[in-house]
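Kindly generate the complete structure, drawing on both the sequences and the hints.
Numbering (this note's numbering), first residue to last: 1386 to 2244.
You may find that some hints are simply not true.
What the hints assert, rightly or not - Simulated pairs of lysine-lysine, DSS-like, Cα-Cα distance not exceeding 27 Å: (1) K1589 <-> K1799; (2) K1503 <-> K2062; (3) K2077 <-> K2062; (4) K2077 <-> K2066; (5) K2089 <-> K2066; (6) K2089 <-> K2030; (7) K1478 <-> K2172; (8) K1675 <-> K1541; (9) K1619 <-> K1864; (10) K1862 <-> K1872; (11) K1544 <-> K1517; (12) K1848 <-> K1764; (13) K1667 <-> K1764; (14) K1817 <-> K1799; (15) K1822 <-> K1877; (16) K1788 <-> K1817; (17) K2083 <-> K1962; (18) K1788 <-> K1667; (19) K1862 <-> K1782; (20) K1528 <-> K1546; (21) K1846 <-> K1764; (22) K1452 <-> K1589; (23) K1949 <-> K2008; (24) K1503 <-> K1476; (25) K1949 <-> K2030; (26) K1675 <-> K1589; (27) K2182 <-> K2172; (28) K2077 <-> K1799; (29) K1452 <-> K1528; (30) K1675 <-> K1709; (31) K1619 <-> K1862; (32) K1799 <-> K1864; (33) K1619 <-> K1589; (34) K1709 <-> K1476; (35) K1864 <-> K1817; (36) K1517 <-> K2062; (37) K1764 <-> K1782; (38) K1962 <-> K1782.
Keep in mind that the hints were calculated from the coordinates and are not lab data.
On a predicted model such as this, the values are computed, not experimentally measured, just so you know.
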Amino acid sequence: MRLTTNTLYSNFIYNQQNTLTDLNQVTNQLSSGMKIDKIYDDPTVFTNTLRLDEEGNSLKQVVQTSKSAQTFANNTDTTLNDMTTTLSSFKTKLLQAANADNSETSYEAMAEELEGLKKHLQTLANTSIDGKFLFSGTAFNTKPIGDDGSYNGNDKKIKAKLGSNVEVAYNIDGASLFQGIDRDYSKHISTNIQHFNALKENPKFVVEKDGKYYIDKNLKAHNQTAASDDEPVKESLSTDSEIRMLTGVDDIYNAATDNYDDGTSYFYINGRKPSGETFSEKFSLSNSAKIDDLINRIGQAFGNTPTSKAVDVSMNQFGEFEIKDTTTGKMVSDFSMIASGVDEQSVDDIVKNGDYAVSFMKSNFPPQRDIATPSAQNKGFDNRVFTLNSEFRTIDKEEFALKTDTVFNVLGEKGLNKANDPATRDNLDHLKLTGTKTDGSAVNDTLNIDSSTTMDDLIQKIKDDYGDVDVYLEDGKLKIVDNTIDKDETSKLSFTIDAQNNNNESLSMFSRVDGLTNDKSKFDVNGRLVTSNVAQIDKNTQTYATEDTRLIDVSGKDDIDGKKIDINYTDKDGNIKRAYITLRDTADSNGHLSTFTTIADDGSETTYDIFDNEGNKTPIHDKTTVTQELDPTTCELCTKTHTTKGITYKQLDDIVGMLTSGNLPANNTSTDYNTAKNNSKEFVEVGLDNGKMYINDKQNANTKIQFEMHDNDTDSYDGSSPVFTFNSNNAITIDEPKVDIFHQLDDIIQSVREGRVRMDGDNDNPRDIGIQAGIELIDHLYDHVIKKHTEIGAISKSLQHTEERNNMLSVHVETLKSDVIDVDMAQASMELQKLTLNYQAMLSTISKVNGLSLVNYMK
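What follows is the structure, given as structure tokens:
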């Protein structure tokens, strides 16, 4: 084949360009250290490099995020460690305070030390790092704990993105830290009135027969002699003690045998089981029965059986009954108890009839005035002293009445006339006093009442009418003392008081004493704020009710169709009024479902339907309706469902707001209902705070609003029981799954300040938990913070592991990337040498070829 010069030249140029390109590529690789310079050099290498770059950058971002989150978590860990140390110091001081030998000055000093520790905890709670509060949730700029101990942050988690679809929370939000729930704790409640052996406290009234001891408060009339002349002492009770030792109820003297039969003590109890079901029972025990028998009966009411226990019931050395759930995580258990020596239909009857009564709880809540014609009783252990089972307080301030207070300011100007149906509120005209004098002669007199009549006028009238007596007010109780007898002699005195209108009809204007109040008590008033003491708790979730919670989710029973809730209140302008709520699932004859009704003084009623935001009448349970409707697009009938939610606490709050603000619907329509509801919000704010209802008077720093609301089955012992409780003289909560750290610390400090080692209802702050109960509570708070400390420790460790693992992965990715993109310098150098030799050889060859001529071929 003939090779032309052109062919040789073309091949030369082609080979030269290729070789130069390869040389240039190798030279660039050696100078840059990378295999490619541009995408087209090697698309596969470029694609793999981009992928590995992205993975490397992601890993570096994760490392940076992990470090930042770890710093936040470590700061949280350090702060929580300081908190546990402070709580430990708090407990140490509390144990010192539990020493009953401390002086008043010592208690005050220890309270100040504890206050200092609490403030240090508040400072720790408000720790901020780099301008971010540690415990405010995601509300970084919000100071979590206010001066009053309230939490102002949120319950949100701060999350770090640590990979594709991987987010890790790295904070402890203040809601769970300061107001969280420990589901591994049980509710623990206790009565708060101390009881000791009544036989040892009152030896002058104890008779011995055949080696057995009886109580006889009229032993002189029975020609009996006290078993001993010992001085009274406080001796602790035990579960083996007899019921008479607890209640002090009289035994029955049998004149025919000159012996005694056991008296009977009647117990009136109600409460709520751990399941949320309510109960109300009345039972009797012989005076010779054991306290252990009473404990067993209480346990049975809560659901205890021979094979299983819902609660543990015990009695401490101070005669207080303690009840603790056997299951953890529940928060609804509740209890109250009253004892008497008389079998009555209700506690109201105990008050009216002047029966001997024994209280186990005391709260100092102002009771409702709805008792008529109460009688005094002297069935305690001093036959000279007669006391009404009623309590006298001023209407304007609900303080214990003094003799200078007017009768109108103590009883009121109007009272319920229950002889009318419905009851009317009639003007008080006079007080009728009946009974017998100290000499046994009859008393039937009246004291006319006007705006100037004082309690002292009543006292003087009693003194004038009942013989040689002293009469005085003591802590709101009217006491009449028969001066003609000794304390162990039988008195001929008797006393009944009746408030009447000008038609001589009885008016219900008297209240119960605090210890007999149960659920018919007024909310606490403090400045502009009116608050209840019973938290509304969703029995299904065991959490505090919110505005969206349905009433049926809190109710002690599921079938409450027709249930009524009675409301007695004073509105923002000081007007005393009445109302009631009726809950219905089935419409009545007028088409009403749930309604609220106001009652005028003349007994006339106005009923309003309770509407939801869509204008629907509200049932108790969710109500679903199914309708057949024409679809306008297809012109075909289709089935549609609509659900009306059962009445909620938001709707209950709205009703309370309308009542207390004086804004009622002009007509019974959803439009007027919403107008009244919205107008009321200008004057009052009603809501739930940790499940407890509050009314905030927006217009007045010192509100005139007073409020009492109770289930209409309150004080019923015929098998029915109240299913709702809003304010109650109930058992004191020692501990429960829910914590509220700073408010609970305040309660403990208050107990130390007052030197109260044990809870004791017979003091100015009867619901103080006491130092001993405070020790149990502080153990829970300490354990709660330890759990959070452990939680953040685990988070911090996890973040550290994440950082280390991603650092290692980053190195691995860089290694892979180096394999993909980096040049093997030795291999590239050898390639350069090879290409250089090849290029030089090619140049040499071409040079020789170019040097040939025709002469070279003619030989």
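Hints, verified against the model:
Distance hint between K1589 and K1799 is unfulfilled; the C-alpha atoms sit about 45 Å from each other, more than 27 Å. Taking the CA atoms of K1503 and K2062, the gap is about 41 Å. The hint is violated against a cut of 27 Å. At roughly 21 Å between alpha-carbon atoms, K2077 and K2062 fall within 27 Å of each other, so this suggested pair holds. Note on K2077 and K2066: the hinted pairing holds, with a Cα-Cα distance of about 19 Å set against a maximum of 27 Å.
As the CA atoms of K2089 and K2066 are separated by approximately 17 Å, the hinted pair is consistent with the 27 Å bound. For the hint pairing K2089 with K2030, the CA-to-CA distance comes to about 34 Å; that exceeds 27 Å, so the pair is violated. Among the hinted pairs, K1478 with K2172 is consistent with the structure: their alpha-carbon atoms are about 23 Å apart, no more than 27 Å. As the CA atoms of K1675 and K1541 are separated by approximately 53 Å, the hinted pair breaks the 27 Å bound.
Annotation: proposed proximity of K1619 to K1864 holds, straight-line Cα distance about 25 Å (limit 27 Å). Taking the CA atoms of K1862 and K1872, the gap is about 19 Å. The hint holds against a cut of 27 Å. A threshold of 27 Å between alpha carbons decides the hint, and for K1544 with K1517 the separation of about 15 Å falls inside it, so the pair holds. Proximity of K1848 to K1764 is assessed by CA-CA distance (about 21 Å); at most 27 Å being required, the pair is judged to hold.
Annotation: proposed proximity of K1667 to K1764 holds, straight-line Cα distance about 21 Å (limit 27 Å). With a C-alpha separation of about 16 Å, the suggested pair K1817 and K1799 falls inside the 27 Å cut-off, and the hint holds. Between K1822 and K1877 the CA atoms are separated by roughly 7 Å; this keeps the pair inside 27 Å, and the hint holds. As the CA atoms of K1788 and K1817 are separated by approximately 19 Å, the hinted pair is consistent with the 27 Å bound.
For the proposed pair K2083 and K1962, the alpha carbon gap of about 20 Å is at most 27 Å, so the pair holds. Using a Cα cut-off of 27 Å, the hinted pair K1788 and K1667 is violated, with the two alpha carbons roughly 37 Å apart. About 17 Å separates the Cα atoms of K1862 and K1782, which keeps this hinted pair within 27 Å; it holds. This hinted pair checks out: K1528 and K1546 have alpha carbons roughly 26 Å apart, not beyond 27 Å.
Annotation: proposed proximity of K1846 to K1764 holds, straight-line Cα distance about 24 Å (limit 27 Å). Only pairs whose Cα atoms come within 27 Å are accepted, and K1452 paired with K1589 is rejected, the gap being roughly 78 Å. Taken as a hint, the K1949 and K2008 pair is honoured in the structure, with Cα atoms around 20 Å apart against an allowance of 27 Å. Straight-line distance between C-alpha atoms of K1503 and K1476 comes to about 12 Å, which keeps the hinted pair within the 27 Å bound.
Using a Cα cut-off of 27 Å, the hinted pair K1949 and K2030 holds, with the two alpha carbons roughly 19 Å apart. Proximity of K1675 to K1589 is assessed by CA-CA distance (about 23 Å); at most 27 Å being required, the pair is judged to hold. About 15 Å separates the Cα atoms of K2182 and K2172, which keeps this hinted pair within 27 Å; it holds. For the suggested pair K2077 and K1799, the alpha carbons sit about 31 Å apart, so the restraint of at most 27 Å is broken.
A C-alpha spacing of about 25 Å is found between K1452 and K1528, which places the hinted pair at or below 27 Å, so the restraint holds. With a C-alpha separation of about 21 Å, the suggested pair K1675 and K1709 falls inside the 27 Å cut-off, and the hint holds. As the CA atoms of K1619 and K1862 are separated by approximately 25 Å, the hinted pair is consistent with the 27 Å bound. For the given pair, K1799 sits about 24 Å from K1864 by alpha-carbon distance, which is consistent with the 27 Å threshold.
Our distance criterion of 27 Å between C-alpha atoms is met by K1619 and K1589, whose separation comes to about 14 Å. Simply put, K1709 and K1476 have alpha-carbon atoms about 23 Å apart, close enough for the 27 Å limit, and the pair holds. For the given pair, K1864 sits about 17 Å from K1817 by alpha-carbon distance, which is consistent with the 27 Å threshold. For the proposed pair K1517 and K2062, the alpha carbon gap of about 40 Å is over 27 Å, so the pair is violated.
At roughly 31 Å between alpha-carbon atoms, K1764 and K1782 are farther apart than 27 Å, so this suggested pair is violated. Proposed proximity of K1962 and K1782 is supported: the alpha carbons are some 17 Å apart, at most 27 Å.
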